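Engineer: Protein chains in written order, with this note's numbering: chain A, 10 to 265; chain B, 9 to 444.
Be a bit skeptical, because a hint or two may be false.
As the list claims (entries may be wrong) - What follows is a set of in silico ranges between Cβ atoms, one per label pair, in the way DEER data are often shown: (1) Tyr68(A) to Gly375(B): 30 to 36 Å; (2) Glu149(A) to Arg421(B): 44 to 50 Å; (3) Ala158(A) to Gly50(B): 42 to 48 Å; (4) Lys196(B) to Gly162(A): 42 to 48 Å; (5) Asp27(A) to Thr68(B): 26 to 32 Å; (6) Gly29(B) to Ala158(A): 31 to 37 Å.
Since the hints were derived computationally from the structure, they do not count as laboratory data. Everything numeric in this text was worked out from a predicted model, so none of it was measured. Each residue gets a CB set at the ideal place from its N, CA and C atoms; glycine is no exception.
As a plain string of letters, each chain reads:
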Amino acid sequence: MSKNNILLSINKLSVSIDDKPILRDLSLQVAAGEVHAIMGPNGSGKSTLAQVLAGREGYEVSGEVSYLGEDLLDLSPEERAWRGLFLAFQYPVEIPGVNNVYLLKAALNAQRKYRGEAPLDAFEFLTVIQEKMKLMQIDESFLNRSVNAGFSGCEKKRNEILQMVVLEPRLAVLDETDSGLDIDAMKIVANGVNTMRDPERAIVLVTHYQRLLDYIKPDKVHVLADGQIVRSGGPELALKLEEKGYDWLRQEAVSA
Amino acid sequence: MSAMIQSLQDNFSRQPVAPGGDYVHQVREKAMKEFLNTGLPGPRDEYWKYTRLRIFAKRTFGLPQENAITGSDFGIKNLDAIRIVFVDGLYSPALSDESAFAENGIRLLADALRDDSGLAGGLLPQPDPAIHQFAALNRAFQDQGVVLELAAERELPRPLYLLFHSQKTGQDTASHPRILIRSGAGSKASVIEHYNGEEKTAGFCNALTEIDLASGAQLTHYRIQTESDTAFHVGSLFARQAEDSRLVSHNLSLGGRLARTNMQFELMGRGAELVLNGLYLVSGKQHIDNHTLVNHRKPGASSFQDYRGILNDKARAVFCGKAVVHPDAQQTVATQSNRNLLLSHGAEIDTQPVLEIYADDVQCSHGATVGQLDTNALFYLKTRGVPEDEARSLLTFAFAEDVVLRLENQTLRNAITEHLIGRLPEMKNTDELVTT
Numbered sequence: 010m011s012k013n014n015i016l017l018s019i020n021k022l023s024v025s026i027d028d029k030p031i032l033r034d035l036s037l038q039v040a041a042g043e044v045h046a047i048m049g050p051n052g053s054g055k056s057t058l059a060q061v062l063a064g065r066e067g068y069e070v071s072g073e074v075s076y077l078g079e080d081l082l083d084l085s086p087e088e089r090a091w092r093g094l095f096l097a098f099q100y101p102v103e104i105p106g107v108n109n110v111y112l113l114k115a116a117l118n119a120q121r122k123y124r125g126e127a128p129l130d131a132f133e134f135l136t137v138i139q140e141k142m143k144l145m146q147i148d149e150s151f152l153n154r155s156v157n158a159g160f161s162g163c164e165k166k167r168n169e170i171l172q173m174v175v176l177e178p179r180l181a182v183l184d185e186t187d188s189g190l191d192i193d194a195m196k197i198v199a200n201g202v203n204t205m206r207d208p209e210r211a212i213v214l215v216t217h218y219q220r221l222l223d224y225i226k227p228d229k230v231h232v233l234a235d236g237q238i239v240r241s242g243g244p245e246l247a248l249k250l251e252e253k254g255y256d257w258l259r260q261e262a263v264s265a
Numbered sequence: 009m010s011a012m013i014q015s016l017q018d019n020f021s022r023q024p025v026a027p028g029g030d031y032v033h034q035v036r037e038k039a040m041k042e043f044l045n046t047g048l049p050g051p052r053d054e055y056w057k058y059t060r061l062r063i064f065a066k067r068t069f070g071l072p073q074e075n076a077i078t079g080s081d082f083g084i085k086n087l088d089a090i091r092i093v094f095v096d097g098l099y100s101p102a103l104s105d106e107s108a109f110a111e112n113g114i115r116l117l118a119d120a121l122r123d124d125s126g127l128a129g130g131l132l133p134q135p136d137p138a139i140h141q142f143a144a145l146n147r148a149f150q151d152q153g154v155v156l157e158l159a160a161e162r163e164l165p166r167p168l169y170l171l172f173h174s175q176k177t178g179q180d181t182a183s184h185p186r187i188l189i190r191s192g193a194g195s196k197a198s199v200i201e202h203y204n205g206e207e208k209t210a211g212f213c214n215a216l217t218e219i220d221l222a223s224g225a226q227l228t229h230y231r232i233q234t235e236s237d238t239a240f241h242v243g244s245l246f247a248r249q250a251e252d253s254r255l256v257s258h259n260l261s262l263g264g265r266l267a268r269t270n271m272q273f274e275l276m277g278r279g280a281e282l283v284l285n286g287l288y289l290v291s292g293k294q295h296i297d298n299h300t301l302v303n304h305r306k307p308g309a310s311s312f313q314d315y316r317g318i319l320n321d322k323a324r325a326v327f328c329g330k331a332v333v334h335p336d337a338q339q340t341v342a343t344q345s346n347r348n349l350l351l352s353h354g355a356e357i358d359t360q361p362v363l364e365i366y367a368d369d370v371q372c373s374h375g376a377t378v379g380q381l382d383t384n385a386l387f388y389l390k391t392r393g394v395p396e397d398e399a400r401s402l403l404t405f406a407f408a409e410d411v412v413l414r415l416e417n418q419t420l421r422n423a424i425t426e427h428l429i430g431r432l433p434e435m436k437n438t439d440e441l442v443t444t
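Taking the hints into account, I'd like the entire structure generated from these sequences.
Structural biologist: Written as structure tokens, this is what we have:
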């Protein structure tokens, strides 16, 4: 793949919190059109990576991250959103009093404004969202609810993916979207993600289990352990992990 | 003696002759003596521990005067209500729906005192003037105000909207509006008191409300205070509820340089229910103090209190909510919650939720919280493209919203929403994000 297609380039990224290192010299290239899976045991730094990419404050960060040719670390979370970076949260936040569907409309129009496009009016937006809701099998009553307020764990995750399919990001980072989903919801979510596959777009799946990868076939799989990528490979790597567990790689690392 | 007391004394000697003759005159004289005996609350007064009146004690206030009325659409627009308007402390017949008074049991206070001078003492036992000196002061100046008396089983067809409006062309005066509400058994009404001031009005409004609900009576009472941030406001409210009556009190303290409300509720019968819904929003150098006291005196009554505060800049707020369950009051349900949102380091809240329980078979809870905006929610909104400032305003509004959503009257709810949006500077672009 040519260098021009690189959407996200992470170069020697180190992240710590209160002097405790979480990510160490992590490097990763994600090209347009690719789906990457980042796997790893609990505490390996997967979620921190996702949060740092989205712009969460409170970390000490060094290294370089370039996104669409810009210094990502220099941008605020909202500036990253306007440039088409999307994070699906592991724990979507409940915000009582803030309307779900209007937030989505504001989010979409903020991006359109950044791109110099006219904002969608209420009617145009409704047409868009109804189609996407059908895809995600989300009920109409959802339109008037507050953001994630009173949603079940499953509904919250579906809501994240609904946001993603409406916002059509260039780079989507999905943080443990599969956790807490039953098998039916998993299929719906996976279907939502698969419809997003596009030569112009990249998707990074952060996940603990191989399960989700039965439904979303990644191009590349990386194993994160102790803040570093210890192994990269194709889809077969995920299967091997499922079979042998993370200890296998740890042992290999020790013996090497 | 402070300049303020001096000016009040001067006003007292020059105030118009009491409506209702000698008896009312005597009540006024006695009340003024009681007020002067106690004087303005000082630093050692435990009910005023966190609220000092220094800045106002130095000020002087005149008697209300007849001024040219500069508008005809004061207050909340398009409210379907029986309107009674007072401008700069005086009743304005031109802006009021006089034709609706008689059939709905409404009288101006002066007329009611002429009919029945006994009303000068109020509807309820008089509160201790050593604690409630401002109630005594109100009694000493009684003249302007409204009496609503609903016969048994009557329903007020529209809300009664009482607007006390200060124009910026007026002088700095002291006004003492007095509102007496007597609801007969099984009657139903909604009353909106609105204290409103144009910018830079700096008067002193000392209002008093008495509410007496007979068995099964229902009253929704709104107290909306949107005076200018240079004004001084004191509001006293006393209510008594018989069995199975229901009182919903919405207390929105949004304006004033210094504003204090004292509200006291006596639950006197089984099945009586009281809902206290409050919001205060302070910014700049505002100081707002809400004191509530709920007395559960008989068994089987319930009270539910939720007061929320938003504080910004160098503003200060005080909440003191007390519920007392007396020995007789078994099977009482009393909940009390006070939540505060501090938006700046310079703002300060003193909150004191108090439960005193002298019965054993009760369900009571209380709690107070003071916090900042939820950083997780802020981050979430930002990752969706909402800029920082807008996200902050949005979450602030959402915090207030539960209280606003409880306002049954939709026109009023919209007006308050609009007021809040106007007060939160970054809300202009995001107002459709909120769920109202």
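Engineer: Now tell me, hint by hint, if it's right for this structure.
Structural biologist: Here's how the hints hold up against the structure:
1. In this structure, Tyr68(A) and Gly375(B) meet the distance hint of 30 to 36 Å, their C-beta atoms being roughly 34 Å apart.
2. For the pair Glu149(A) and Arg421(B), the supplied restraint of 44 to 50 Å is violated, since their beta-carbon distance comes to about 25 Å.
3. Distance hint check for Ala158(A) and Gly50(B): the Cβ-Cβ separation is about 47 Å, which falls inside the suggested range of 42 to 48 Å.
4. Range check, Lys196(B) to Gly162(A): Cβ separation about 44 Å, and the 42 to 48 Å hint holds.
5. Our hint of 26 to 32 Å for Asp27(A) and Thr68(B) is violated, since their Cβ atoms are close to 58 Å apart.
6. Checking the proposed 31 to 37 Å range against Gly29(B) and Ala158(A) shows it is violated: the Cβ atoms sit about 60 Å from each other.
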